[in-house]
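Undergrad: From the two separate chains plus the hints, produce the assembled complex.
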Amino acid sequence: MSSVIDGFAVVLEPANLLYCLVGVVIGMLIGVLPGLGPAATIAILLPITFGLEPVTAVIMLAGIFYGAQYGGTVTSVLLRLPGEASSVVTVFDGHALARQGRAGAALGIAAIGSFIGGTLSIVALTLVAPIVAGFALDFGPPEYTVLALLGIMLVSTISSGGRIRALTAAAIGLLLATVGRDDFTSAERFTFGNLSLADGIDFVPIAMGLFGLGEILYNLEERHRAVQAPTRVTNVWPSRADLRQSSGAIGRGSVIGFVLGILPGGGAVLSSMAAYALEKRRSKHPERFGQGAIEGVAAPETANNAAATSSFIPLLSLGIPANATMAVIFGALLIQGVTPGPQLVTEHPELFWGVVNSMYLGNVLLLIMSIPLLGVFVRILRVRAAVLAPITVLITLVGAYTVNNSIFDIGLVIGFGVLGYLMKKAGFDPGPMVLAFVLGSLLETSLRRSLLLFDGDLTGFLTRPISGVLAAAFLAVILLPLARTLLRRRHPKPSREAEGQADSSLPAEGQADSSLPAVGPEGSAEPAGRSVPNVVGAAGGDQRRAGPVSQQTVRRDPNPEESE
Amino acid sequence: MTVLVGYLPTVEGEAAFAAALDEAARRSESVLLVNSPRDGAPVSADVAAPDDLAALAGRAAEAGVSLEIRQAAHTGQFADVLLEIADDTRASVIVIGLRRRSPVGKLFLGSTAQQILLNADHPVLAVKPLRR
Numbered sequence: 001m002s003s004v005i006d007g008f009a010v011v012l013e014p015a016n017l018l019y020c021l022v023g024v025v026i027g028m029l030i031g032v033l034p035g036l037g038p039a040a041t042i043a044i045l046l047p048i049t050f051g052l053e054p055v056t057a058v059i060m061l062a063g064i065f066y067g068a069q070y071g072g073t074v075t076s077v078l079l080r081l082p083g084e085a086s087s088v089v090t091v092f093d094g095h096a097l098a099r100q101g102r103a104g105a106a107l108g109i110a111a112i113g114s115f116i117g118g119t120l121s122i123v124a125l126t127l128v129a130p131i132v133a134g135f136a137l138d139f140g141p142p143e144y145t146v147l148a149l150l151g152i153m154l155v156s157t158i159s160s161g162g163r164i165r166a167l168t169a170a171a172i173g174l175l176l177a178t179v180g181r182d183d184f185t186s187a188e189r190f191t192f193g194n195l196s197l198a199d200g201i202d203f204v205p206i207a208m209g210l211f212g213l214g215e216i217l218y219n220l221e222e223r224h225r226a227v228q229a230p231t232r233v234t235n236v237w238p239s240r241a242d243l244r245q246s247s248g249a250i251g252r253g254s255v256i257g258f259v260l261g262i263l264p265g266g267g268a269v270l271s272s273m274a275a276y277a278l279e280k281r282r283s284k285h286p287e288r289f290g291q292g293a294i295e296g297v298a299a300p301e302t303a304n305n306a307a308a309t310s311s312f313i314p315l316l317s318l319g320i321p322a323n324a325t326m327a328v329i330f331g332a333l334l335i336q337g338v339t340p341g342p343q344l345v346t347e348h349p350e351l352f353w354g355v356v357n358s359m360y361l362g363n364v365l366l367l368i369m370s371i372p373l374l375g376v377f378v379r380i381l382r383v384r385a386a387v388l389a390p391i392t393v394l395i396t397l398v399g400a401y402t403v404n405n406s407i408f409d410i411g412l413v414i415g416f417g418v419l420g421y422l423m424k425k426a427g428f429d430p431g432p433m434v435l436a437f438v439l440g441s442l443l444e445t446s447l448r449r450s451l452l453l454f455d456g457d458l459t460g461f462l463t464r465p466i467s468g469v470l471a472a473a474f475l476a477v478i479l480l481p482l483a484r485t486l487l488r489r490r491h492p493k494p495s496r497e498a499e500g501q502a503d504s505s506l507p508a509e510g511q512a513d514s515s516l517p518a519v520g521p522e523g524s525a526e527p528a529g530r531s532v533p534n535v536v537g538a539a540g541g542d543q544r545r546a547g548p549v550s551q552q553t554v555r556r557d558p559n560p561e562e563s564e
Numbered sequence: 001m002t003v004l005v006g007y008l009p010t011v012e013g014e015a016a017f018a019a020a021l022d023e024a025a026r027r028s029e030s031v032l033l034v035n036s037p038r039d040g041a042p043v044s045a046d047v048a049a050p051d052d053l054a055a056l057a058g059r060a061a062e063a064g065v066s067l068e069i070r071q072a073a074h075t076g077q078f079a080d081v082l083l084e085i086a087d088d089t090r091a092s093v094i095v096i097g098l099r100r101r102s103p104v105g106k107l108f109l110g111s112t113a114q115q116i117l118l119n120a121d122h123p124v125l126a127v128k129p130l131r132r
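These protein sequence lines map, in sequence, to chains P and U. Heads up: the first sequence begins at 1 in the numbering used here, then just goes up one per residue. Heads up: the second sequence begins at 1 in the numbering used here, then just goes up one per residue.
Chain U with its partners taken away, still in its complex shape (with noise of 0.2 Å):
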């Protein structure tokens, strides 16, 4: 059993961090930590930078909390990716940030937070970076 974070470098993928340790040390279990950028590209925004994962690990190890990386692009949609992971290591909860998208927006593009909440066979937490 393990948290499983969906994790990009962004604010929410912060937030979800975040809450993943605080979840992980409170069910003492160990966190799964996901950072999947689409396949194709050069070059993507979604690619953790190797300080940033190390700068994690670190957090981790402070909080006492084992912690393992995954970075391996993906072909088709995340949600997908992500839930087959959850069933593969049993994964007692999934942690996911949500960004602001507005409807239009989530009408043409679609949500893969929402694909998540949706399909999964697990617990979800859905956390939001703190409003400055």
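Just chain P, with the same shape it has in the complex (with noise of 0.2 Å):
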């Protein structure tokens, strides 16, 4: 206890305060800013973070993270136009509200929901990951091996633009992971006689050129169709009337959204759906949702700020990152000498306090600015791609640049740029890539330590009760949509191969459902984990009638997959 308290001493230094403030503010207006994804940011931002303290760094990342879930809701409820992937649904809703004049009504109800969501989710986080951690303490090697494979395999799975892609995708990222020096017998790997590859290639430059210049090229491409600056928002205090309507809602987007954020490859996009489709369910008047439906924008909103906050615990108290911007933090922490994972509570105490109680501090301070200084955050969407686009790049480079001081850092940059760029023009998701590279180092030293311990013996996984379950999660995943595409094939139902191609456009496939069930056997690890597969399955069922609505609206969708 007396750690936690110890915490908010850390996030009261001045220069925590400082940088706290700073990653809001930068998320919130990356956020706004329809091209840039927090992934992308914290990339681009990662050579900054190198001066400063390994705390001071991840308060700012992650606020940076957090702070993006309030600022896209602006930009999707004023303009009609989602500056994040996680507040595409709030455009239906919250749009419509605004068209009524009702705007300040939607944007106080998203601030509120969203400060009650991230709140929550803190203090579950805080109850929450002490507890995983300590379970995870008994992981060994093959514990984390099975583990690392089952966070690829639900990354995979769960990710936008279908599964094989992502699959080949994870499979490139495991590759470009074993480049360099074997750490057991020192034999050269993938380096073909250069030295700059010797030591591998630097999860940095990867990350700033898959996620940060491949998305600033991307989004080069995209043509707005300029719509005029938005009139002054009146009134943002939400109504008696709105608050008691949005209560309910935002209490079970606080959950849905804290139990999402938890699984790999869930997060905030995720999450904001899941809690779109519920409360369209539930609702004893669904045809309101659309219309100007208060709740439409209450829940979404609500649950991508507390997926956001939770898919720090697996993060923080495993070590294994749930999304693709944890695996950018997940590198941050890298750098930093600090490798994040069971022993973090205990041996950086005021490292884990620090970041998740600033995360309280944060959420304060998104609440205060969120509204009144709304305007200011709307004025930079009148900066031309021509203009910003030159900047980031820049400052992206330089960065690169400044990381090891080598030029060959560049290189690689511009060269993963343009490789993460004809990735998301071919339809696959850089995420998985990314992700199964920072596990793949976790992934091959687990593997060969445990066959070191077994002696050879592959068995050896699942005798060994954690791991055998694990083990059977990882098989469940593989095998039951495998078995499921094997039944449709057989009994072929017209209606429903149309249906998956109208599904298949959004994050989350409709076969996502049939494979998240199989985490329930890991639920000792999460409390609620028994409510994921109502959730998840709403959610499939929703992006069926949505899909049609939301191809115009996600911009940064890429290309719609076949039907499998």
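None of these hints come from the bench; they were simulated from the model. No incorrect hints appear here.
Ranges of calculated distance between the beta carbons of each label pair, as one might list FRET restraints:
| hint | chain 1 | residue 1 | chain 2 | residue 2 | range |
| --- | --- | --- | --- | --- | --- |
| 1 | U | Ala63 | P | Leu18 | 56 to 62 Å |
| 2 | P | Arg80 | U | Ala61 | 26 to 32 Å |
| 3 | P | Ile407 | U | Arg90 | 54 to 60 Å |
Far from chain P, some chain U residues (derived; all Cβ distances over 10 Å):
| hint | residue |
| --- | --- |
| 4 | Met1 |
| 5 | Ala15 |
| 6 | Ala54 |
| 7 | Glu68 |
| 8 | Ser92 |
| 9 | Gln115 |
| 10 | His122 |
| 11 | Pro123 |
| 12 | Val124 |
| 13 | Leu130 |
Residues from chain U that face chain P, not an exhaustive set, calculated with beta carbons under 8 Å:
| hint | residue |
| --- | --- |
| 14 | Arg38 |
| 15 | Ala41 |
| 16 | Ala45 |
| 17 | Val47 |
All C-beta atoms in this analysis are idealised placements derived from N, C-alpha and C, irrespective of residue type, glycine included.
TA: Next up, the structure:
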């Protein structure tokens, strides 16, 4: 308990307070900008964090992540232009409310919901993360091997752009992780005699290239139809009726967001969709949704903030990043010389509790900032891409150079930037690739250690209880969708195939609901794991309905994938 | 033949539109209104809101002048775009609003109005909003 309070002392250090503010302001700004997402921004800003203390660095990066969830709402509501993928569903009801002249109420309830969702999630994080970490202290190399495999598999299954493509990307990521000197035998692998490759490829140029430069290049292709600047938003305080109507939605949104945030591949995008779908399904008047239902704003905005917070749990307690943004923060920690994992809570309590407690402060700052400074944030949208893109590219490349003072790294960033751009164009999500790269070295070391432990006997993974359960979950994740595909092929249903085409354009595939219950066995790690299947099932159902609409509004959506 | 007016949702644009209506009524010609933001940004202060344009159309109908509205984003210089439209539609007069810009500001930022005045092959009517 005393370490929790010590954490507040860490947060209140002036430097940390300042960087918390800097983080949430940057987060708000890039949340408003439709082009840059949190993963890209954090990747671009990685070099800046080098000179900082580890705690300060992660406080700032975390601020960017949850700040972006607030910012994305603003443009969704006012301009029908989702700033972030996680605010896409807010467009339906948020913009409808704005057209009725109730933009203030929509933004107000979104800010309040985000605050409540975020705060509840921090409280739960405070309670759950140390327990998970304590449980994970029993993990040995075999457990980590299977856990890393499971993480990569789940992320590939739930990521956007289809499973085959995600798996391909993940496989390339794993391959990239093997470049460099072998840790056990010191044999050089895939270095082609190049000294710069002898130590392996650094995480920073990969993240900066795939997320940063790739996204900037991809966004240059986008053409916006300029819209008029929104009029001043007045009366941001939602009415008492609004609050009463959305209190249930905020509560359910918090729970959904928290649970889905923990799951690998879940995160803010999936949880906002699931929360919206659940509200629509529960509502007595589902036809109100899309016409300006206040719950339709409250639920997804609450859920995406709760998820942004809770996705820190697997990172800080297990050392397994749950989504692309967490993978970048994982990289930031590694650069600082801190290896995230179960020992983090005990070995670096000031880091763990400092970061967790800074989120309380960050949420308060965001709540205060989000409403009065709205006009300032919307102004940034007037900056043309022709001005913004060169500046961000310059920052990215200069930053990449400063890490190791190496021109080779700049070349890597450009190379991976072009790769990331081409991947996005071809409908591949770079997320699984970066994640697999990060988990790749963990996977390799723990796999080889366990094989030494087992004398090369693979069945050793199945006989240890924890790794056995995890391995069963892993197999279930692979086999369940496969079995479903086979069954479907045997009994073809024409109507279902048509539906499959409509929903495949969204991040969560319809098949996601079949793979998620497989996480159940892991349930000991997360108390609320049981409610997941229903929730995700609801999400899948709604996407089928919302498919055509969101195809127009999801800007950063890769090309729709053919039905499997 | 038509009266071409470059419109922005500002006092200057308002003055230009009013002058264009008068001019069109005098010449018994139609008005072609061009409202064109620069391409590339998601939000632009230069875009006239739909309500705004509807009000303008109402005023034109009241004055008995037929009004055509073109609202498309442009790349490059707005002066070139406007002059090209003037050539295509064989405008009888181009109406623009002038805003106050200091000599230093003009040195750095240039002036669309100046370019139009210097390069136009058509008569140009430059209007300033009433000072209050």
